[in-house]
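Chain A is fixed; fit chain B with the ligands onto it per the hints.
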Amino acid sequence: MKQGFNLSKIKEGVAKAVFALAACFAVLSVAAIIGYLLYAGIPAFRETGVGNFLFSTTWAPGYDGPASEKFGILPMIVGSTIATGGALLIGGTLGVAVAVFIVYFCPAKFKMPLVQTVSVLAGIPSVIYGYFGLKQIVPALAAISPNGNGTGVLAVSLVLGIMILPTVASLTKDALEAVPAAYYEGALALGLTKEQSVFKVLVPSAKSGISTALGLGIGRAVGETMAVIMVAGNTVQFPKGLFDGFMTLTGNIVMDMSYASGVHRSALVATGFVLLLFILVLNGILYAVKGKGRKERRKFRFSIKNAGDKGASKVGNALAGFYNRCADGAAEIAQKVKMTALKATDKISCATNAAVTAVLGKGTDKEGKPIYKKAGGGYIVLKVLCAVGTLIMVASVAYLIGFIVVKGTQAFIETGFVNFMFGKGGAGKNSLAPAFVSTGALIGISLAISLPIGVCAAIYLVEYAKSGSRIVKVIRLFTDTLSGIPSIVFGLFGVIVFNDALGLGYSLLSGGLTLSVMILPTVVRAVEESLLNVPLSYREASYALGAGKIHTIGKIVLPCALKGILTATVLSVGRIVSESAALLLTAGSVKNMPRGITSPGSSFAVMMYMYASEGLYMNEAYATALVLIVIVIAINAVIFAIGPKKEKKIERKKNNG
Amino acid sequence: MKEKRITDKFEVTDVAVSMKNVNLYYGAFQALKNINMDVAKGEITAFIGPSGCGKSTLLKCINRMNDLVEGCRIEGTFEIGGRNIYGAGVDLQTLRRNVGMVFQKPNPFPVSVYDNITYGPRLYGIRDKATLSAIVEDSLKRAAMWDELKDRLDKSALALSGGQQQRLCIARALSVQPQILLMDEPTSALDPISTGKIEELCAELKEKVTIIIVTHNMQQAARISDKTGFFLLGELIEYASTEKIFSNPEKEQTERYITGRFG
Ligand SMILES: Nc1ncnc2c1ncn2[C@@H]1O[C@H](COP(=O)(O)OP(=O)(O)OP(=O)(O)O)[C@@H](O)[C@H]1O
Ligand SMILES: [Mg+2]
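Taken in order, these protein sequences are the chains called A and B.
If you're matching positions, the first sequence starts at 0 in numbering that gives the first Met the number 0 and goes up one per residue.
If you're matching positions, the second sequence starts at 0 in numbering that gives the first Met the number 0 and goes up one per residue.
Source of the hints: derived by calculation from the structure; they are not laboratory data.
We put the beta carbon where it would ideally sit given N, CA and C, even for glycine.
There's no promise every hint is true.
To be verified - DEER-style ranges, computed between Cβ atoms: (1) A:Pro-203 with B:Tyr-85: 52 to 58 Å; (2) A:Gly-553 with B:Glu-254: 49 to 55 Å; (3) A:Glu-528 with B:Gly-51: 47 to 53 Å; (4) A:Pro-203 with B:Ser-187: 42 to 48 Å; (5) A:Lys-10 with B:Lys-19: 41 to 47 Å; (6) B:Asp-225 with A:Gly-553: 38 to 44 Å; (7) A:Leu-6 with B:Lys-19: 30 to 36 Å; (8) B:Lys-19 with A:Lys-15: 29 to 35 Å; (9) A:Asp-499 with B:Pro-109: 47 to 53 Å; (10) A:Gly-553 with B:Glu-69: 55 to 61 Å; (11) B:Asp-150 with A:Pro-112: 40 to 46 Å; (12) B:Asp-225 with A:Lys-8: 37 to 43 Å; (13) B:Tyr-85 with A:Pro-534: 50 to 56 Å; (14) A:Glu-528 with B:Glu-206: 35 to 41 Å.
Claimed, not checked - No more than 30 Å apart at the CA atoms, straight line, and that leaves these computed lysine-lysine pairs for DSSO-like: (15) B:Lys-128 with A:Lys-8; (16) A:Lys-554 with A:Lys-10; (17) A:Lys-465 with B:Lys-32; (18) B:Lys-243 with B:Lys-19; (19) B:Lys-128 with A:Lys-554.
Okay, chain A solo, but in the shape it has when bound (with noise of 0.2 Å):
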């Protein structure tokens, strides 16, 4: 009897252990992306003073020998600055204007339609975006530009605008739909109309989330890469005006990086740090004006006692300080939040005094009684913009795809679908094939790396950590970090660890080990989520007939969650085909069919790009162009058909043993 008990003790611990292992995957790469860049780009900083690299405005990689070298990113890093304020203004703008559409003043059999547009728009890969601009945004700017010039700032500012665009309007509308109905109640019980309501008191009480929504949309811009490169002129200097060209971070690193050797590969990455750096500290800031920060800093003082991990908490506790100094900055704003939400969870009278306060500012009265200002034709004309915003998203969308299905259908008709997409390719024949088979194998590599550890990971969060633990907040922080990294600063760190330090060199299994580290976070957030909809009584039913808590897991949970697997086997599917930056570097641009996984081997999207980066292959390119078109409609289709429906809220999952 002994040894059976001890057997099924042996088993759950080590399950338990693996799963705590796969959690840390997150934490460890992280910890080790950062490590791995700043070794990387050391010598450059050495070489050149981290002050000089920073500041000085000349960038000479070594022509003339190594003497003359010269590593100043300051150009770049205002080149990057100006592309994300552009993209900040239009895709900004747009964005915050689409969600107030989707939400508020959208009949209700448009909503959906609205909402695939915009995640269909998040799902276009960038080597699109990139072309799409240079062959339609830059031609017309060129038309008006005062220096017949149509690439640079402008043509950067819309590229990027339309492409931060989705990721802003779905945060926004989660931030809105969050926004308790009692503030509208209440503002519409004051007499106010729909639109003053929604304008002073509703979109104001989701600041918060817009601005998290605006952040992640800098991050989404000053990441940006393919498209940039595509559009910005990518001349070393400081623009003047709208239609001067110039150079982002992410463009210097992706096209030098393929021949630079020495300093110069050294200072590529050490821009790359720089940039991950610039992510880190914007997350950071983030995390703070969640107004998570301070609360988050309570629990960690108090719960120390109940440490469960005496060395986790250590590593815990380090970062909570981190964070917390970050949050000191952010301090009042976190208390404005927690007010806001005190209110929230509140009577309708808070609601309705915010509104009064709102709308009438301290007007009173000779009596005292507050004056109504008549209902302003202001808060129409904002309505209407936001329609208007609405409308442009959407005819870009049409005209983009538009575009692209006119164009790709023409080359396919000219150069053959079959003989296109199937042929044999090689010796100045172009062929699909091997993007076919290359991205076959990148999907097929990180998805038998990722998905397991994933999955691992999310089985970890739920089901084992405390809910709410310090452990729990860590994971998700790195998780959440991870995911906010550019694609092209985890090329670098393929470069650095797989390329270079396990000798893989320009590979598909390079590529895919890359992609793996990059796509976790959206499998461990997807499997977490359908994990935590797994009703807690499913879970006691089992545990009541005497199951233990691996067969739980096994044989209930994971049956259960399996749509939320699939969902986050197709998203990383998404992001896997839309994915170029990071392949360039890791997985090579070579057009022939890879031999095998340790050959280097192009994606669609990186196929594409070399055929639109050439310009001798334009039919190529936009025949590629609508496969990767056909291939992200395809997946946001599945995912809206095996997505959660909304209708039942299930019983979430508060305790575990």
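Leaving out everything else, chain B with the ligands in the frame of chain A:
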């Protein structure tokens, strides 16, 4: 192997469960205060009392479901068949096989009727199709729903009505032949007709299975139970035959509760 028999089985004696000096804490909060109570074999025992008085808590101690709750600390002894179920060498799986549980909200697994009932037996290593089918038939018959369900064994359990789901859960609990069955407000989510069916069922089952039932429904306790325990703020105020509790309770608090004057 001999040792396995001894440690691995709970042979219910005349006293099915014997609880002595039980104190239970959720963190610093004491939810149960010095409970002493013997549950007789082959009877239905009802736990009544106002919300939050610790009925579910005590019930969950008997199959050790409280082990899943963080920060829960238990003092005192729970003996089944003369063995302390919290003692060393007790196999949780064996305990829970002998002490089944039915929950307040019907919680069938989202699989077929058949798979719901075979979940337990499979867990205990039964793989043979014929044996499993026999268990399904037997369990459903004991739960008085074989005729209703015999043609729908492969249908999803979620397609059943709430009352059917709850009886299926009872059948599922019976599938592993428990000697004691814990029921935590098993009818509170059901309509009167389904409730009646489950009450009938309990009366039939008690020959073979000792039942402990938590209920908020005074009439239910009076109708089906042999003994009743009245709890208040974590204490067992009065424990006697149901007849006595409802006709002539000793304590004033009990009387006030059953006549509906507090809780
Ligand atoms: N997991 C837990 N952690 C902390 N306190 C708990 C927990 N479960 C129950 N309690 C507390 O213990 C006390 C007894 O709870 P219990 O659920 O046993 O009451 P009950 O008599 O079953 O009530 P009800 O009739 O509402 O089901 C309550 O005060 C409850 O708040
Ligand atoms: Mg209860």
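Quiz item: Which of the numbered hints are not met once you compare them with the structure shown?
Solution: The structure breaks hints 3, 5, 10, 13 and 14; every other hint is satisfied.
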